[in-house]
Amino acid sequence: MSVIIILLIVSVCIAAGFLLAFLWSVNDGQFEDEFSAANRILFDDTILNNKPTK
Amino acid sequence: MNTETQHKVTCYHCGENCDNTLIHIQDKKFCCDGCKMVYEILSQNNLCTYYDLNENPGLSQKIKFRENKFAFLDDETIQQKLIQFKDNNQTNVTFYLPQMHCSSCLWLLENLHKINKGVVTTKVNFTKKEVFIVFNNNETSLRKVVETLTTIGYEPHISLEEFDSKKVKVINKTRLYKLGIAGFCFANIMMMSFPEYFSLNSYIEQNIHTFLKYFIVLLSLPVFFFCATEFYSIAWKGLVNKHLNIDAPIALAIFITFGRSLYEIFTNTGSGYLDSMSGIVFFMLLGRILQDKTYASISFDRDYKSFFPIAVNVIKENKSIPTSIDQVKTGDVIQIFSNELIPLDAILSKGKAEIDYSFVTGESIPQSKEIGEIIYAGGKQMGGVLELVVVKEISQSYLTNLWNKDVFKHKKENTDSFIHLLANNFTFIVLTIAGIAAVYWYQHAEYKLMWNTLTTVLIVACPCALLLSSTFTNGNILRILSQNKLYLRHPDVIEKISNINHLVFDKTGTLTQNKEIQVSFSNEQLTETQKIEIASLLTQSSHPLSKAIVEYLNVSCLTEIQNFKTIAGSGVEGWIDDKHYKIGSKEFVYGIPSVDEKSAAVFIKIDSVVIGEFKLRNSYRFGFKQLMQQLVSKFPISVISGDNDAEKHYLQTILQNKSEVIFNQKPDEKLSYVEYLQNIQHKKVMMIGDGLNDAGALKQSDVGIAITENINNFTPGCDGILDAAQFPNLFKFIQFAKNGKKIILATFMLSVIYNIIGLYFAIQGTLSPLIAAILMPSSTITIILITYGLSELSAWKIGLLKNDKSHKSQ
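One line per chain: the protein sequences are A and B, in this order. Residue numbers are given in the numbering used here: position 11 of the first sequence equals residue 11, and the series is strictly consecutive. Residue numbers are given in the numbering used here: position 740 of the second sequence equals residue 1740, and the series is strictly consecutive.
Check each hint, because a few of them may be wrong.
Claimed, not checked - Quick partial rundown of chain B residues pointing at chain A, CB under 10 Å, derived from the structure:
1) Ser1103
2) Phe1126
3) Asn1188
Unchecked claim - Derived EDC-like pairs (lysine to aspartate or glutamate); straight-line CA-CA distance at most 20 Å:
4) B:Lys1128 x A:Glu32
5) B:Lys1319 x A:Glu32
6) B:Lys1129 x A:Glu34
7) B:Lys1742 x A:Glu34
8) B:Lys1123 x A:Glu32
9) B:Lys1128 x A:Asp28
10) B:Lys1579 x A:Glu34
11) B:Lys1129 x A:Asp28
12) B:Lys1129 x A:Asp33
13) B:Lys1173 x A:Glu34
14) B:Lys1615 x B:Asp1645
15) B:Lys1392 x A:Asp33
16) B:Lys1684 x B:Asp1492
17) B:Lys1329 x A:Glu32
18) B:Lys1028 x B:Glu1040
If you're looking for bench data, these hints aren't it; they were derived computationally from the structure. We put the CB at the ideal spot given by N, CA and C, even for glycine.
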C-alpha cells in the first residue's frame, strides 16, 4: 500500500510541472496579447527570420 | 474578386468607394494618389502579401502629410522623451498606432525592415496597438522611421501626454499567479481528500492517512498565505476607514476555517475543511479576474494632453523652427498647417482660418475666422497655412484651465455598492444564528459542541456566494456590453447605471452626427441646369460644405467652367455659358459683413441676382427619434447644448413636456447644471456627451458616457465609451444594467437556500467535511451557471445578443 504515497508524490509533481508552465506563460506575457502570436504563426516562414532583442 | 464586374468600384487599398477610376495600376483601382502610393511602396518591396491576408486592409490616404511635419523629431530633447533606450548603435522606441486593426497590419509592421533598411526589428503588441521598434542609428533616424510608418499609413500617435510623463502600464499579473496556484492546490487537496469523503479511512493504513493529512496542510499553506491575501488587505483597508465591505466577512471565514481545520488535524479530532477553503478562494479569484478584465487599448482617463501635438513650428527671423509646445512663449509666431490642431490660444495674423471645433464642442461645420480674431486651443485648421501670434502659454490656455477645475482633481467617491450592504446584513444574521445556537449548546453544557457550532456556522455561511454571483454576473454583463461596443471603465458602473433616474444629453456631436451634413435649399426648386452648374463649380472646391452640397445635388454630369477662382474662406466664382456664378458666404456674395447667423449657410448669386441659400446643419443620429420616445416614457431628460436655440422647437416636440431643453451653455454651466440636479433635486444623473466641453459635466455626473465615432478617437474622461453606431441601443443598455442587479439578487436568494441547508447541519454540530465538500462546489457551480444563463437570457430578450461573434473588436 505504501506505494500509493510514491504515486501521490509523482502525480503532484506532474501537476506542479503544469503549474510552473502556467506561471511561466503568465510571466512571459502570453495572455497580454492574444492576437499577435496567434496570427504570426500563420504567416510565411521567410518573415520571421529576425529574433526580437530586448 | 473582380472589381470591374461589381456595380460599385472600391479602392484596392482602403476599400472606400471610388467613382473616379482614373487612378489605377493595371486592374487595381485606387480612390486617391495616397492609396496608390502606399500600394507602390509595398509592391516595390515585395510586400503585397499585405493585400492577400485581408481584403482592402489599408486606410484612406486622402489626407497627405506635409514634408516637414516630423522635423521636430530631429530635436535631441524631444527624442530623449520618446525613446526608451539608446546606445551608439541602436535605439529602442515604442509607438502607439491607433490605426492597427487586422492581421495585415501586424504582418506589414513586422516587415518594416524591408522598407526601411535601418530598422533592425519590430514587434507588435496588437491588444495595446503598440509597436516596439529597434533601429540602427547609423542607417536611419527616429524621424525617418516615423516617416516610413506614416507613408504606409500608420502614423504614430505622438502627443503631449507622452512627452510629459512616460506612462508605464503595468498589467497586474499577481492575480493570475494566485489563480494558478489556488487552482493547483484546490485540485490536489480535493484528490487527497477522496478517502475521507468515502469513509475509506478504515481500509487504508494509518501511515498513509497521516501522510495525506499533513500533505493537505502543506498544500493549503500557499492558498492561505498567498492566494487569499487580497481579501485580507481589502478587508483591512475597509476596517481602517471604518467601513465594512464584503471582504471582511470573507476574510473572517477564511481565518476561522483555516484555524479550525489546523486544530482538528493536529489534535486528530477530524480532517478539517481545507478543501472547501481552497476551492472557495479559487472561485472567488476567478470571479474577480473575469469582472476586472480591462480593455488594454481603451483609455478612460484622457485629457486634452493626449491629443495635443508635442511640437509646433515657431517662426523666428523668417525661419520656421520646430519647438516643443512648453517652450513656446507669449508673443511667438506659430505656423499651423492644414489639418493640424491649434495647441495654444492665439491671434490670427496671416491666412484664412477655417476652424473645426468638433474636438471641443462637437460641431464639425468649420467656422471661418478673420485676421485679428482670437482662436482658442483645440480647433483644427481645415484651410491653408496660418500664422498666429500666441497670446497664452500652454499652461494658461482656456482648455488647460477647464481641466484644472476641482472636479478633475479628486476622483469620484466610491458610493457603496448594495452588495456590501447585503453582505453585511447577511453576516449579521448569520452571526446571530451562530450565537443563539452556541448559547443553546452552552445551556446544555455541550461545550465542545458549542465551539463546533460557532465555527462551522461561520465556515458554511460566509457570503462568498454573494461575491461569486456579483462578480460573475458583472463579468458577463461587461462582456456582452463590450460586444455591443459599450465599454465600461469599471464593473461598479453597471450598478450605477441601474440606479440612474435622470438623463442629460449634450446636443452637438452627441445627438447629432459629425459626418453627415443635412442640406436644405431655401427657395423654390432649382432647375436641372442650375443644379449641374452649381455642382460643377463646387466640385472644384475641397471645402466640406461644398462637398456636402454636391452630394445633396446628386447630379450625373458636369459642365465646363471658365475663369474659375477660389477665394479661401469665402467661396468660389466662375463663368458658365456667359453666366457669372458666385457661391459662398453671405459676406462674399452680398459684399457686406455678415452678422451672426444661427446656422451655416451658402449663398448662390447668378449674375446679379441672389437666387437663394443652402442651409446646412448636422443631422440627428440614426434612431434618435425612436430612442427618445423610449427614454422619455421612463426618465426625465434634459438636453443641454452650447449652441444657439435654432433647434429648440424641434427638440421640444420630440421630448414632450417632461423634459428640459437648454441652450447657449458654457462648459462650466453644463457642469453646474448636473450639480444642481444632483444636489437640489437629488437625482442620479447619467450624462451623455462627446466633446471636451462636456468633460466637466461627464466627470460630475454619476455615470458619464462618451460617444465617439471611432473608439480610438478622442474621448473626454468618462465612465464608459459608446460607439456612435450603437447609440440607438442606449435604452436597451440601461435596461440590461437594471436586469443585472435583479440577477445578482436572484442568485443571492438561491445561495441563501444553500446556506440554510448548510446551517441546518451546522447548528446541530454535524457538518461533516463531506457535506461541506458537496455543498461548496455544487452551490458555486450552480450559481455560476445560473448567473451566466440568466444574463445571456436577458441579453437575448432585450436583443443585445449578437449572432456573429466575428466582430469581437477588443
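Going down the list of hints, with the structure as the test:
For the restraint placing serine 1103 of chain B at the interface with chain A, the shortest Cβ-Cβ distance is roughly 4 Å, inside the 10 Å limit, so the hint holds. Residue-level restraint check for phenylalanine 1126 of chain B holds (minimum Cβ-Cβ distance to chain A is 4 Å; threshold 10 Å). Hint status for asparagine 1188 of chain B: holds, given a least beta-carbon distance of 6 Å to chain A, under 10 Å. Using a Cα cut-off of 20 Å, the hinted pair lysine 1128 of chain B and glutamate 32 of chain A holds, with the two alpha carbons roughly 8 Å apart.
The hinted pair formed by lysine 1319 of chain B and glutamate 32 of chain A fails the criterion: a straight-line CA distance of about 46 Å is larger than 20 Å. At most 20 Å may separate the alpha-carbon atoms for a hinted pair to count; lysine 1129 of chain B and glutamate 34 of chain A meet this at roughly 12 Å. Distance restraint check for lysine 1742 of chain B and glutamate 34 of chain A: the Cα-Cα separation of roughly 34 Å exceeds the 20 Å cut-off, and the hinted pair is therefore not satisfied. At most 20 Å may separate the alpha-carbon atoms for a hinted pair to count; lysine 1123 of chain B and glutamate 32 of chain A meet this at roughly 14 Å.
Taken as a hint, the lysine 1128 of chain B and aspartate 28 of chain A pair is honoured in the structure, with Cα atoms around 16 Å apart against an allowance of 20 Å. Using a Cα cut-off of 20 Å, the hinted pair lysine 1579 of chain B and glutamate 34 of chain A is violated, with the two alpha carbons roughly 64 Å apart. Proposed proximity of lysine 1129 of chain B and aspartate 28 of chain A is supported: the alpha carbons are some 18 Å apart, at most 20 Å. Note on lysine 1129 of chain B and aspartate 33 of chain A: the hinted pairing holds, with a Cα-Cα distance of about 10 Å set against a maximum of 20 Å.
The straight-line distance between the Cα atoms of lysine 1173 of chain B and glutamate 34 of chain A is roughly 15 Å, inside the 20 Å bound, and the hint therefore holds. A threshold of 20 Å between alpha carbons decides the hint, and for lysine 1615 of chain B with aspartate 1645 of chain B the separation of about 16 Å falls inside it, so the pair holds. Between lysine 1392 of chain B and aspartate 33 of chain A the CA atoms are separated by roughly 43 Å; this puts the pair beyond 20 Å, and the hint is violated. Restraint check for lysine 1684 of chain B and aspartate 1492 of chain B: satisfied, since their Cα atoms lie roughly 15 Å apart, inside the 20 Å limit.
Distance hint between lysine 1329 of chain B and glutamate 32 of chain A is unfulfilled; the C-alpha atoms sit about 42 Å from each other, more than 20 Å. Annotation: proposed proximity of lysine 1028 of chain B to glutamate 1040 of chain B holds, straight-line Cα distance about 11 Å (limit 20 Å).
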